[in-house]
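J.: Given the coordinates of chain A, assemble chain B onto it according to the supplied hints.
Chains A and B, in that order, give the protein sequences. Residue numbering for the first sequence follows the working numbering, beginning at 1 and increasing consecutively. Residue numbering for the second sequence follows the working numbering, beginning at 1 and increasing consecutively.
Check the hints yourself; a few may be wrong.
Said to hold, decoys possible - Only pairs whose alpha carbons sit at most 27 Å apart, straight line, appear in this in silico BS3-like list of lysine-lysine:
(1) Lys141/A to Lys217/B
(2) Lys217/A to Lys42/B
(3) Lys249/A to Lys249/B
Claimed, not checked - Stretch by stretch, here's where chain A covers chain B in the computed footprint (C-beta under 8 Å, at least three residues):
(4) 77-91
(5) 174-187
(6) 220-231
(7) 240-246
Stated by the list, open to error - Simulated restraints, written as ranges between beta carbons of each label pair:
(8) Arg254/A to Ile281/B: 39 to 45 Å
(9) Gly280/A to Ile281/B: 36 to 42 Å
(10) Asp132/B to Asp78/A: 53 to 59 Å
Think of the hints as simulated: they come from the structure by calculation, not from any bench. The C-beta atom is built at its ideal place from N, Cα and C for all residues, glycine as well.
Protein chains: 2
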Amino acid sequence: MHFNKAAILGVGLIGASFAAALKKYGLCGEIIGYGRREGNLKRAKAKGIIDSFELDPAKTCTDADFILLATPVGNFVDIARKISNSLKRDAIVTDVGSVKGKLVRDMEALMPEGVFFVGGHPIAGSERSGIDTAAAEIFRKATCIITPTGNSDKSALDKVTAIWETFGSTVKLIDPDEHDRIYAAVSHLPHLIAYEIVNTVADINSSYLAFSGQGFKDTTRIASSPPEVWRDICLLNRDNLLEYVEIFKNNLDRVSQYLRANDSESLEKDFTEARTLREGIG
Amino acid sequence: MHFNKAAILGVGLIGASFAAALKKYGLCGEIIGYGRREGNLKRAKAKGIIDSFELDPAKTCTDADFILLATPVGNFVDIARKISNSLKRDAIVTDVGSVKGKLVRDMEALMPEGVFFVGGHPIAGSERSGIDTAAAEIFRKATCIITPTGNSDKSALDKVTAIWETFGSTVKLIDPDEHDRIYAAVSHLPHLIAYEIVNTVADINSSYLAFSGQGFKDTTRIASSPPEVWRDICLLNRDNLLEYVEIFKNNLDRVSQYLRANDSESLEKDFTEARTLREGIG
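Bound-form chain A, shown alone (with noise of 0.2 Å):
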């Protein structure tokens, strides 16, 4: 498997690791990048994880024969439509991004006769945003998620996985729509809380925060994360998230009724639960 030209649209800690790890395995010769940013382009190039950079979606993608979206997801279906004219037949399209569902259905409907879209979801990255992180082995031993559905290419959607594979991840085919209801749960909630309690603590007293120990910290480490990324991933899953907020507040609720009415015992066996559970996961 190579690629002749490889379009990585959004260079940032994903889509430059991505690029990283396509050099770094020999997947493919040129390698381009697309992004908003001029400066982040010009340092991807000088720091050799992109042979060359432009600013326009649809010049970059002329040619490619892979395109990597990996921009905040909210931008995905703008650079669909400009790319759309520009995409060469048999290219393949896939993406890095944290929402699938719709969004997948949606870049499905945008590609040109020939062109197949297969949505990926690496479980990598962290808090930290940027080039300066990015590096290829940020894959190795973490899953994939790949999205396929009923209009999958079969070739497109091999050849997307045999990418993550070579890359060390270990790939698993889940529903689009089932990848959502599973991400707002352990990963857009946890985001969403954690901006919370740091909003909560100002809230409180900002000067609190000078006193917080590790806990607090890791708790809310995820915070940290770049605001636009997850501004986009939480309304583009909104109906999941919105209902699982609804679900963590009624928790949150039975145990403040366990603390009104002193009921250490309740209390102590929904701790307990919670804490069973979070040993189970390692």
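T.: Same frame as chain A, but now just chain B:
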């Protein structure tokens, strides 16, 4: 500063680490442990953490000139009542509990004439409990909050402060009620939330837990904390905690409203405020 006999009531992670630090820095002669589980006390003795043990708190404190309360905070008042008649004049009683406030005043009131209570709370330890992770070093470079009141004996306060400084901790003196407002915000609320994030995912679909990445694991690490310890802390600081849960729920309601209104700008602004504050604490 040297104590002839130190009584450690509660030989878990913090109690055992304190005992280890007393020995390491040569601050006392004999160390006697008390706890409810004889097997644990035998292991602590075999490991050389304590020199001997008792299963009765009053006997443990007989002739002790230094007494540390390191059980779950819900037992402090009961223990204070039991040991009160056994306490030697000029003995110093201190603790490592995560709740101060009214508990400090209750403890002061339960001390016999000539015995001094000084409240302490080292910001150390982890979600792991028990003596196997105990070590004198956990207090090095940690903060220890000491909570003097108008009733505090100056000499006892100075000695307790000196102990923590000898252990390598930075001591901060804080009013007991202010301590509880601070730690309800930066510790007790995050613990409650971490437990309830896990329980929420279980409500949604417990099989989703297997998909969790590092973000989920960090955010919920403290949900592995010992339930009986956190049950007591939450109950003893429940007024602050209940107030803060409401503030937190208001924050969740506000961002939920942004999601429903598809208000991308407000959502990003909200996340950016949180991120800026979070970055500020390292």
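J.: Examine the stretch 77-91 of chain B for residues whose CB is less than 8 Å from any CB of chain A, and state whether their number is three or more.
T.: n = 0 at 8 Å, threshold three: violated.
J.: Within the stretch 240-246 of chain B, is the number of residues with a Cβ closer than 8 Å to a Cβ of chain A three or more?
T.: holds (count 4)
J.: Verify the coverage statement for the stretch 174-187 of chain B against chain A, using a C-beta to C-beta distance below 8 Å and requiring 3 or more qualifying residues.
T.: Satisfied; 6 residues make the cut.
J.: Between lysine 141/A and lysine 217/B, is the straight-line Cα distance small enough, at 27 Å or below?
T.: holds (16 Å)
J.: Three residues minimum, CB to CB under 8 Å: does the stretch 220-231 of chain B make the cut for coverage by chain A? Let me know.
T.: Satisfied; 11 residues make the cut.
J.: For a C-alpha distance cap of 27 Å, please report whether lysine 217/A and lysine 42/B respect it.
T.: Judged against 27 Å, a Cα distance of about 35 Å means the pair is violated.
J.: Given a hint of 36 to 42 Å, does the C-beta separation of glycine 280/A and isoleucine 281/B actually sit inside it?
T.: violated (30 Å)
J.: Would you check the hint for lysine 249/A and lysine 249/B, treating anything up to 27 Å between C-alpha atoms as holding?
T.: holds (7 Å)
J.: Go ahead and decide if the range 53 to 59 Å is satisfied by the Cβ distance of aspartate 132/B to aspartate 78/A.
T.: holds (55 Å)
J.: Cβ-Cβ distance between arginine 254/A and isoleucine 281/B: within 39 to 45 Å?
T.: violated (30 Å)
Violation of the numbered hints given earlier is confined to hints 2, 4, 8, 9; the remaining hints are satisfied by the structure.
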